[in-house]
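Visitor: Sequence:
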Amino acid sequence: MRAARLHGARDIRIEEVPEPSLLPDGLLLRPRFTGLCGSDLHVWHAGPFGDLGPMVLGHEFSAEVVAVGDQVTDDRLRPGTLVAVEPMWTCGQCGPCRRGAYNLCRDIVWHGLSEHDGGLGELTAVRACMAHPLPDGVDALAGALVEPLAVAHHAVGRGGLGTGGTAAVLGAGPIGIAVALNLVARGVALIVVSEPSLVRRTALTTALAAVGVHEPDAALAPAAAPGTAAALGTGAGTGAGAGTTLRVVDPAAEDLPSAVAGLTEGDGVEVVFDAAGVEPAFQAGLRIVRPGGRVVTVAIYARPVAFRPLDVFFGEIDLVASCAYQDDFPSVIDLLRAGAFPTDGWVHPVAFDTVGAAFETLDQAQAVKLLVDLT
Numbered sequence: 001m002r003a004a005r006l007h008g009a010r011d012i013r014i015e016e017v018p019e020p021s022l023l024p025d026g027l028l029l030r031p032r033f034t035g036l037c038g039s040d041l042h043v044w045h046a047g048p049f050g051d052l053g054p055m056v057l058g059h060e061f062s063a064e065v066v067a068v069g070d071q072v073t074d075d076r077l078r079p080g081t082l083v084a085v086e087p088m089w090t091c092g093q094c095g096p097c098r099r100g101a102y103n104l105c106r107d108i109v110w111h112g113l114s115e116h117d118g119g120l121g122e123l124t125a126v127r128a129c130m131a132h133p134l135p136d137g138v139d140a141l142a143g144a145l146v147e148p149l150a151v152a153h154h155a156v157g158r159g160g161l162g163t164g165g166t167a168a169v170l171g172a173g174p175i176g177i178a179v180a181l182n183l184v185a186r187g188v189a190l191i192v193v194s195e196p197s198l199v200r201r202t203a204l205t206t207a208l209a210a211v212g213v214h215e216p217d218a219a220l221a222p223a224a225a226p227g228t229a230a231a232l233g234t235g236a237g238t239g240a241g242a243g244t245t246l247r248v249v250d251p252a253a254e255d256l257p258s259a260v261a262g263l264t265e266g267d268g269v270e271v272v273f274d275a276a277g278v279e280p281a282f283q284a285g286l287r288i289v290r291p292g293g294r295v296v297t298v299a300i301y302a303r304p305v306a307f308r309p310l311d312v313f314f315g316e317i318d319l320v321a322s323c324a325y326q327d328d329f330p331s332v333i334d335l336l337r338a339g340a341f342p343t344d345g346w347v348h349p350v351a352f353d354t355v356g357a358a359f360e361t362l363d364q365a366q367a368v369k370l371l372v373d374l375t
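With the UniProt record's numbering as the guide, the letters of the sequence shown map in order to residues 1 to 375.
The set of hints was computed from the structure by calculation and includes no laboratory data. The model shown is predicted, which means the values in this text are computed figures rather than measured ones. Glycine included, C-beta positions come from ideal geometry on N, C-alpha and C. Any given hint could be a false lead.
[Claimed, not checked] Pairwise CB distance ranges (calculated):
#	residue 1	residue 2	range
1	E19	L198	38 to 46 Å
2	I300	P96	35 to 43 Å
3	Q283	D139	36 to 44 Å
4	G266	A9	43 to 51 Å
5	G92	A252	41 to 49 Å
6	F307	H7	33 to 41 Å
7	G164	I14	31 to 39 Å
8	I300	R76	28 to 36 Å
9	A306	D74	44 to 52 Å
10	E316	G69	48 to 56 Å
11	L198	E265	25 to 33 Å
12	T375	E115	25 to 33 Å
13	V199	Y301	42 to 50 Å
With the hints as extra help, turn the sequences into a complete structure.
Guide: Put into structure tokens, the structure is as follows:
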């Protein structure tokens, strides 16, 4: 079969590889769309982990069931079924697994990332418990977004924010946009997004406009009193987010803490989601969260950041991490079917034969979310 296999740093090749074996408790799948994410980009830069040797990447993907193992009892999983894959091989025996926190498994292996050939090939094999059937109304392209949307869904859950709350999202890459869409689905009243890239800011505003969230005219906002409806400028529209305020800030051109203060009567937002993973964003998050608020780190930090416990002590600020997902796939699939996660502006399919160029495009920050089309 053909697959895109990573041999070393920035060395990915489409070539013939052996077909995977069907496990007794597993499924043989034909990937349909496979997303490229920041984790893939890190591995592309560094090459396969440890001594794994050449591997097929791809942990965000939808697929069609080709064959079913003898021990699979789920009647929904039959040849031809379209599924989204939850790409975690867990032990089921360690303390976190026994408590249901399988995303924290001591022996976790990531399908198509740290082991097991993934979704950038004509076939791949998983355990049946990793496959979530997609209902009518959720196609293969949308199904490939379930994984990153679930990362964001879990993070928003960790933030504990409900209807009418206020939030800031630092970074408008795929996870940042997914967090913002999840916040809209929860009925959050104010979302402030900080992003220096024009490409990503444009993708964000297009995606949120598709659910009825529109940024107010920036020229009008300074004339209104901070905290008033005019200053907040709830967007017109009839989508799910018609009552949500959006404020997008370019931190290279505008002071983020001042912008947040003007929108919250100086108090700060209730929850900050750091989807950027760089020290300036982390430090900004501590400055814009209100006393008694929460900062959720959902990014993977490539480098350490400076942290003084006193920075959170006097405000009793909760610093919370969010790792992957835990029973989030079903809720995300339901929200997808309900239209909560449009692909407008931020999701773009690319041909399988151009996967090498797709990695270069992402590396140069010329696109937000690319899905490799294997149909």
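Visitor: Does each hint hold? Answer for all of them.
Guide: These are the hints, each one checked on the structure:
no.	hint	verdict
1	E19 x L198: 38 to 46 Å	holds, 44 Å
2	I300 x P96: 35 to 43 Å	violated, 19 Å
3	Q283 x D139: 36 to 44 Å	holds, 41 Å
4	G266 x A9: 43 to 51 Å	holds, 48 Å
5	G92 x A252: 41 to 49 Å	holds, 47 Å
6	F307 x H7: 33 to 41 Å	holds, 38 Å
7	G164 x I14: 31 to 39 Å	violated, 50 Å
8	I300 x R76: 28 to 36 Å	holds, 33 Å
9	A306 x D74: 44 to 52 Å	holds, 48 Å
10	E316 x G69: 48 to 56 Å	holds, 51 Å
11	L198 x E265: 25 to 33 Å	holds, 30 Å
12	T375 x E115: 25 to 33 Å	holds, 26 Å
13	V199 x Y301: 42 to 50 Å	violated, 22 Å
Hint violations for this structure: numbers 2, 7 and 13, all remaining hints satisfied.
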